[in-house]
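Position 226, counted from 1, in the sequence shown is what my numbering calls 307; the numbers after and before it change by one each time, with no gaps.
Worth double-checking, as some hints may not be accurate.
Unchecked claim - Pairs of lysine-lysine residues, derived as BS3-like cross-links and limited to a Cα-Cα distance of at most 25 angstroms, are as follows:
#1 320 - 426
#2 122 - 494
#3 426 - 122
#4 140 - 122
These are computed hints drawn from the structure, not numbers from a lab.
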Amino acid sequence: MKAARAFLGQPSGLYYLFGTEMWERFSYYGMRALLVGYLVKYLLLPGHVEGVWLYPQIKAFYEMLAGPLDVQPLSAFIYGTYTGLIYATPILGGWIADRYLGQRYVALSGIVMMAFGHFMMAFENLLFPALALLIVGGGFFKTNTSTQVGMLYGAGDPRRDTGYSIFYVGINVGAFLAPFICGTLGETVGWPFGFGAAGVGMLLALMVYLWGWRHLPPEPPRAKQAGIPAKPLTRSEWKSVAALLLMVIPLTLYWACNEQQGNTMALWSMDNTDRMIFGWTIPWTWFQSFNPAVIFFGTPFILAYWDQKGAAGPGSGQKMAYGCYLMMAANLVMAFAAWQAGTGKSSWLWLALYFTVMTVGEIYLYPISMSLFSKVAPLRIASLMMAVNFLPNFLGGGFLQGWLASYWSRMDKALFFMMIAAIAAVAGLIIHAVDRPLRPLLEEKGRD
Numbered sequence: 082m083k084a085a086r087a088f089l090g091q092p093s094g095l096y097y098l099f100g101t102e103m104w105e106r107f108s109y110y111g112m113r114a115l116l117v118g119y120l121v122k123y124l125l126l127p128g129h130v131e132g133v134w135l136y137p138q139i140k141a142f143y144e145m146l147a148g149p150l151d152v153q154p155l156s157a158f159i160y161g162t163y164t165g166l167i168y169a170t171p172i173l174g175g176w177i178a179d180r181y182l183g184q185r186y187v188a189l190s191g192i193v194m195m196a197f198g199h200f201m202m203a204f205e206n207l208l209f210p211a212l213a214l215l216i217v218g219g220g221f222f223k224t225n226t227s228t229q230v231g232m233l234y235g236a237g238d239p240r241r242d243t244g245y246s247i248f249y250v251g252i253n254v255g256a257f258l259a260p261f262i263c264g265t266l267g268e269t270v271g272w273p274f275g276f277g278a279a280g281v282g283m284l285l286a287l288m289v290y291l292w293g294w295r296h297l298p299p300e301p302p303r304a305k306q307a308g309i310p311a312k313p314l315t316r317s318e319w320k321s322v323a324a325l326l327l328m329v330i331p332l333t334l335y336w337a338c339n340e341q342q343g344n345t346m347a348l349w350s351m352d353n354t355d356r357m358i359f360g361w362t363i364p365w366t367w368f369q370s371f372n373p374a375v376i377f378f379g380t381p382f383i384l385a386y387w388d389q390k391g392a393a394g395p396g397s398g399q400k401m402a403y404g405c406y407l408m409m410a411a412n413l414v415m416a417f418a419a420w421q422a423g424t425g426k427s428s429w430l431w432l433a434l435y436f437t438v439m440t441v442g443e444i445y446l447y448p449i450s451m452s453l454f455s456k457v458a459p460l461r462i463a464s465l466m467m468a469v470n471f472l473p474n475f476l477g478g479g480f481l482q483g484w485l486a487s488y489w490s491r492m493d494k495a496l497f498f499m500m501i502a503a504i505a506a507v508a509g510l511i512i513h514a515v516d517r518p519l520r521p522l523l524e525e526k527g528r529d
C-alpha cells in the first residue's frame with residue numbers, strides 16, 4: 082500500500098474524515114439531544130400526536146410486544162429503535178460498499194439521505210419517515226467512513242490506534258457543539274429550528290467530504306469489480322472473525338448502559354435535577370455536552386498515559402474491560418445521588434460526575450474496539466466487519482437500552498441505576514475472562 086501523505090504525523094485523509102464525521106455527529110447528537118424531550122413533552126401528547134403519520138400502527142406494534150404503554154415508555158421504545166437501527170443498517174452499507182459501489186459513494190449517498198431526514202424532522206407529521214431516512218443514511222455513512230480511517234494505514238502501522246482516537250475526538254467535537262446549538266434552538270425558539278440546525282450540519286459534512294475526496298484512501302478490490310472472483314476466507318481468518326463476533330456479546334451489554342445518557346439521563350436532567358446555578362437554570366439539553374467535552378479534553382491525557390506505559394500498559398481487551406467498570410462506577414454514583422435525593426431533586430454536580438466517569442470509560446472502550454475490528458478483519462470484508470463492530474450499538478444501544486429504559490417511570494430510580502451498574506459489571510467481567518484466550522486470534526495479520 083502506498084503511504085498516504087502525512088500531516089502532523091497522520092495521513093491527510095484522516096483530517097477530512099475527522100471534519101466529515103464531526104459535522105455528521107453534530108447533526109446526530111443535536112437531534113438526539115432533543116428527541117426524547119420532543120416526544121415526551123410535546124409530540125406524543127394529545128393535540129399533536131393525532132397528525133403524526135403511522136402513529137396508530139407503530140404504537141399498536143409496541144403494545145403488542147410490551148402491553149399498554151404510556152407516553153414515556155412508548156418514547157423509550159421509539160428512541161431505542163431509532164438508535165438501534167441506525168447501527169444495524171451499517172451491515173447493509175458495508176455489504177454494498179464491499180461488493181458493489183465502494184466506500185466513497187455509499188458514504189456520500191448516506192450523507193445526502195441524512196440531510197433530507199434531519200430537515201424532515203422539522204415537520205411533526207413526518208416523524209417516522211424522517212427517522213427511517215436517517216436510519217438508512219446513517220448506516221450507509223457510518224461503517225464506510227470508519228473503515229476508510231483504518232485503510233489510511235498499512236499493516237503494522239503503529240499510528241492506527243492513535244488515528245482512531247483522533248477520529249473519535251472529531252466525533253465528539255460535533256457532539257459537544259450540538260446541544261448548545263440544536264438543543265438551545267429547540268428548547269427556546271422551537272423544535273423545528275433545532276432539527277433544522279441538524280440538517281445544516283449534514284450539508285457542512287457533505288462539503289467537507291467532497292473537499293477531501295482526493296485525500297481519501299483508494300478503494301480495495303471488490304468481488305463484483307472487473308470480474309474479480311470472491312476469494313474465500315482462510316481458516317485463520319475465520320477464527321479471527323469468530324473471535325470478533327464473540328466480543329459483540331459484552332459490548333452489547335456495555336452499549337445498553339452507555340446509551341441511557343440520551344434516554345433516561347435526559348429525563349433525569351429534566352425532572353430530577355436541580356439545574357439552578359447562581360440564579361440561572363441550566364438548559365437540560367446542555368448536559369448532553371458533558372460526554373463529548375470530557376472526550377475532547379480527556380483523550381490527549383489518556384493517550385499520553387498509554388504512550389508512557391508502552392508495552393507495559395493495558396492491552397486492547399483490558400482497556401475495554403476498564404471502560405465497562407467505569408460505566409459501572411458512574412451508575413453507582415447516580416444510584417447514590419438518587420438515594421440521597423429521595424423524592425426531591427439532586428444537584429447537577431452529580432450528573433456532571435456521572436458523565437465524567439462514564440466518559441473516561443468510553444475513551445477506554447469505543448475507539449479501541451473500532452481499531453481492533455479494523456486491524457483484525459480481513460481486508461476484502463473490511464467494511465462488513467466494521468459494520469459488525471456497530472452490532473453492539475444496534476442490539477444493546479438500541480433495543481436493549483430502550484427496553485431497559487421503559488422501566489424508568491415504574492421503578493425506583495436508585496434501583497434502576499443499580500441495575501444498569503450490574504449490567505456494566507457483567508460486561509467487564511466477560512471481556513476480562515475471554516481476553517487472554519482470544520488474544521492470539523485478535524492480533525493483526527498481513528492484509529491482502
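Results for each hint:
For the given pair, residue 320 sits about 51 angstroms from residue 426 by alpha-carbon distance, which is inconsistent with the 25 angstroms threshold. Note on residue 122 and residue 494: the hinted pairing holds, with a Cα-Cα distance of about 20 angstroms set against a maximum of 25 angstroms. Between residue 426 and residue 122 the CA atoms are separated by roughly 19 angstroms; this keeps the pair inside 25 angstroms, and the hint holds. Proximity of residue 140 to residue 122 is assessed by CA-CA distance (about 17 angstroms); at most 25 angstroms being required, the pair is judged to hold.
In summary, the one numbered hint that this structure violates is 1.
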